[in-house]
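> Chain residues, written in single-letter form:
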Amino acid sequence: SAVISQKPSRDICQRGTSLTIQCQVDSQVTMMFWYRQQPGQSLTLIATANQGSEATYESGFVIDKFPISRPNLTFSTLTVSNMSPEDSSIYLCSVAGAYGYTFGSGTRLTVV
Amino acid sequence: TQLLEQSPQFLSIQEGENLTVYCNSSSVFSSLQWYRQEPGEGPVLLVTVVTGGEVKKLKRLTFQFGDARKDSSLHITAAQTGDTGLYLCGETSGSRLTFGEGTQLTVNP
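Top line first, the protein sequences correspond to chains E and P. When the letters of the first sequence are read in order and numbered with the working numbering, they come out as residues 1 to 112. When the letters of the second sequence are read in order and numbered with the working numbering, they come out as residues 1 to 109.
Some clues are possibly wrong.
[Unchecked claim] Output of the computed footprint for chain E on chain P, the stretches with three or more beta carbons under 8 Å from beta carbons of chain E:
id: 1; segment: 40-54
id: 2; segment: 93-100
[What the hints assert, rightly or not] In silico negatives: residues of chain P with every beta carbon more than 10 Å from chain E:
id: 3; residue: S25
id: 4; residue: R69
id: 5; residue: D71
I should point out that these hints are in silico values taken from the structure, not numbers from a laboratory. Backbone N, C-alpha and C define an ideal beta-carbon position, used for all residues, glycine too.
Excised from the complex, chain E in its bound form (with noise of 0.2 Å):
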């Protein structure tokens, strides 16, 4: 299955400023998917990544707090914009293999 390095593993970040967050697979994937997990709860997907297109947001999300590049096949970044308290989470990315799906390590944001 892909490896996937995410980084930061984890910032802490000022309200009202944005963070970056990187995600780089070891092999070539059409799809990329960013999730955010809020302290003791389950994933909630943010979006869909495709190479060479816009982003595919889920109910709840939206391109300008949560806008994502997609430059490469093996590449993704997702950006928190604008934050504020209630963006502290936790944020994976994901890509999907032939025997199931494959997550980063994770970036652990705490906005003050």
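Place chain P on chain E using the hints.
Leaving out everything else, chain P in the frame of chain E:
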């Protein structure tokens, strides 16, 4: 996207005990996956079930898929402290994977 309901939400047991976690939906699953997530890590795939009535075993873990493909269960025999984690059922729709609410399992020594 159908709603996946998992139960129980929290489970705390002693080492050596058995437990079962459930995943249910009002609609038919095309396939269902079970994942385990440990602190500081992403979820890791345990098993995929596809066929109604299917039973799969992974060491002390037994996974069942309901005959009508609307429910699934995960049974752990003689739980160990290393089984502690968040257990998630997930369903794929198209290429998207969506999860149930999860079961946080704590196995105490």
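> Against the structure shown, which of the earlier numbered hints fail to hold, in ascending order?
No hint contradicted; all consistent.
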